[in-house]
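*Asks:* Take the sequences, apply the hints, and build the full model.
Residues per chain are reported as follows:
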Amino acid sequence: MPTEEKILRILITTREEQALRVLLRENPLDLSCGGPQRHPGGAVSVEAYVPEHQLERLRRYEAKIDILDDASATARERQKEVGEGNRFEGEKRVPRGLGRKVKEDRHDLP
Amino acid sequence: MTYLNVGEVETATANLATAYSSLCQLITLPHATFEGRTAHALRLGGGAPGSRDCLMIICGVHAREWGSCEIGIDFAADLLEAYTGHLALAYGGKIFTAAQIQTLLDSLHVIVFPLVNPDGRHYSQTAAAMWRRNRNPASSGGNPSCVGVDINRNYDFLFDFNATFSPASDVGIHTSDNPCNASQVYHGPAAFSEPETRNVKWLLDTNPRTRWFIDVHSYAEDILFNWGDDQNQSTNPAMSFQNAAFNALRGVDGDAAYKEFIPPTDLAVAQQLAFRFRDALQAVRGKTYTAKQAFDLYPTAGASDDYVYARHFVDPGKGKIYGYTIEWGTEFQPPWAEMELIIQDVSAGLIAFCLAAPCGGGVVAVGLDTPALSFHDVPAGVETVRAAVFSVQTCGAVAFNVTSGPSVTSGPGSFGLPLGNGSLPAAPTAAEREVRIWVSFKGTNPGDVTAGTMTIHCPQTGQDFVIPITANTIAQPKVASVLVLDKSGSMDDPSGIPGQRRIDVLHAAAPSYVTLLPDNDGIGVVSFDQDAHPVQPVTTAGALGVGAGRVGATAAITAHATNPAGSTAIGDGVELAHNTLQPLAGYDRKAIVVFTDGEETAAKYIADVAGLINERVFAIGLGTVEQVNPVALNKLVNNTGGYLLMTDALGPNDIFRLAKYFVQILAGVTNAEVVVDPDGSLPPGVEVRVPFDLTEADYASDPVVLSPAPWAFGFELETPAGVRIDHHALGGVLGVQFVDGAQLNAYRLSLPVVAGGAGAHAGRWHVVLGVRDDGWKKYLAWLRQHDRALGSAGLGVPYSVVVQARSNLSMAAYLTQPSYEPGTTLQLRAVLTEIGLPVEGRARVRAEVKRPDGTQAVVTLAETEPGVFEGSTPAPLTGIYPVRFRAAGTTLRGFRFTREQARTGLVWRGGDSDGPRDEPGNLCSCRQWCDALRCLLEDSGVRRWLEDRHLDPQRLEKCLEKTLCGKG
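Residue numbers (this note's numbering), protein chains in the order written: chain A, 1 to 110; chain B, 1 to 968.
FYI, nobody ran anything at the bench for these hints, they're computed from the structure.
Where hints are given, some of them may not hold.
[Unchecked claim] Not the full set, but computed from the structure, chain B residues with beta-carbon under 10 Å of chain A: (1) Tyr-20; (2) Ala-77; (3) Ser-183; (4) Glu-221; (5) Ser-240; (6) Asn-243; (7) Thr-325; (8) Ala-387.
Beta carbons: idealized from backbone N, C-alpha and C, even for Gly.
*Replies:* As structure tokens, this is what we get:
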């Protein structure tokens, strides 16, 4: 998986499941973990992460290709949201979860 | 806050363990990653490792699914903080009370493994954000795009997907054996090839009480339960991942060729817990996750959730683990603000799951493991049971009520419910429990086929289980046995009983075995001295008293004569008996009964032939342990499932001992039960009533009177209703036969009998004995005729009453010894069963032990498990320890029963040595030397040669006969 090339998040939709099966068998793709989504009428779709150059090949199939996102760009943004250094080191800071801890006699509980 | 980097995950994990040290343990995983990172996990909850059921959560498997680690860390941090502060815990609209949090960490261990794949996460966070795998380059061939293994395809579950799935399956889209496959799902060179998966396996192996496992992934907003390889089915256990016959059929959606088996109770629990996760998560902010079977996502091979659940099928010694996969969110790396919401969603779901897990989410899951009951080949008259088995998973009490049947729909006979309905009390966890409802059937007539049905209702689930029942009856098993009788010269020695040689005692006792044989059993006789001699081929015993086998075998015993010059080659006798039995067809069991009075003095020895013997061997040793030195004989009987009874030195009061041993061994050979076994002497004019209890479990019985003068007695039976049965007047009495033997009289009852116009079966019966006047006179004349001391007549005519039963209530008695040297221990064990079920809490068993010095001990055997009674007694003295096991109790239907069995403990110096064996290089036996020298002395040339040297051949012959060729 080349790291330099732009990766696109796409949605592939075919009219019926067999067509998608053929496409995926002939083109191993990095799929989301959601698996194929089945729609009324027999259509089926799946999300995939593909290098931009692969789009042209996929479009040769009887499939609708929707570009959802520039996954590479999004990923770069997300990588900025990763902590730097070590926020738990030195002062022995203990992580706290996101749940609200409440004394049970308080009335601000939902 | 933002996403945690790899170092932060590790430090945060360690800091939680330090901050909550009394409630949380840091676990160091043993396998470092390719880049050298050592991973850690947390065990939440007090108590020693392994002291509680465990729920395991693993996170950070796929590198790019960053938020999984934060879910693990935050979930653990929340639980620890809330528990320590006795606080409630709220996520949006979902609240868990302080009591719930306390309960959770007071009752469970929760293992959180927050970052399984640190190398991959680091690479994803710092380089290729969409990286999924680990960073192992072993299979990459130097191509950076081909680095790494998909950890969640590397577990040992249908790993070789090319062989185990159908070519039509989509599994190949989601799993690959190509490291360079763009789908990033390379499964690795072998299952558990990766340190990350080995770490998870290690955690499972070292926490064997793990019962639930959740692998946290993204994304699809699902919680998935087993299985992932194909659609579930709960009707055909053989259609499973372990069955190679279904290779190449798995993984196709919607077909009937293959679906993966999951027990219905497991499926109910798996679904219910997934629903509890889903519902709690939804309560936070309204997100709707889908709870579904993993296969509904897509077919998988080598995934963690199926591996953990499969473990207990592959190795039943391992505990069952329900496997789940969570697919949180709608993208791999949502903005942190959204991730914080997802963390709360999933944390709420996880806590709800933990709270619900011990009781299976409150489900009452009931599955029938035995959709049909089959009584296959039940011998006529024998009652046996089969169980309708239900698997139950619930914390609640459950009842199973038989609402219909068991009734016969075709054929003869009837089915019964010996223990009635079944139920289970409430339990603290929903760990799988079993309920058995026993159904009984008594064999009717050979060839009969019976069918029936019953319906069992479970009020807690409302289910009705209709169970078909089938049965067929066969003839009683036939037993062929061969008596192997010693005729060595020592059989002419005095027996210890006044006026009787050992061979006389044998003549008196052995016919009891033949007389009491079941009609259809076969009996043969061989004898042995230094060689074995066929005497009677195995012949059907035939009708009581007159059957060909009985008559022939009794005549053979009577004609059994000593060879004054004979030695003792027991191996020869056993081998001939084996060769006699081996080709016989038509018998269900075969046995050899050895009688000997001395140690082995000639080949073949027992050790030489022991490897051939596949029949049960029983043995009676007449004499002391020093005389018989039964090292090899004892090993032989123990190895074949029989036993050895030793008489010890006989005395004037031991006239019945050998006969009783023959009767006891007959019971062992034919699987009969000894009910009572008292003896005494009876003067004229006195009537003695010997009570014995028969039960509904007994289907035949032989009340026997042993006596040197059985003809002196009036011998009647009294039924539980008080009706007398006299063998002189059996008109109108059904099911009763009588045999008038040489030294015994016996009734043979086929239960129930009809006497006095009524049936008689279970209850207290009596043997009624009285010495008639004419019998007394005849007895005194008999004493004179046989040169017996008249003084012994003062006590009356000696007798012994033995009652045997063919029964569905049996006692197996075992006397084992760790050694046969003085100072050993006699280990005593009795197992009581009724129609195959343990006689639990309804009997007591004691063992009366007579020591060589004449003192006695009574050992009360403790019921160590249902129907199993055990005890021991030291054996410090050399000699024979006769042990009589006596059991008394009540049957399932409340009738009294008794059972008795004799065994002998043996202790002598040299008891642990090896028996003699005829091996090349051994010196020849005395017998062989004797034969050789005799042969030489018969040669005229040799005789002349001796005479020329002034040696007397006749004198040499006499020396030989007195020494080497002397009796054995």
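*Asks:* Could you check the structure against the hints above and give me the numbers of any it violates, in ascending order?
*Replies:* 5, 6, 8
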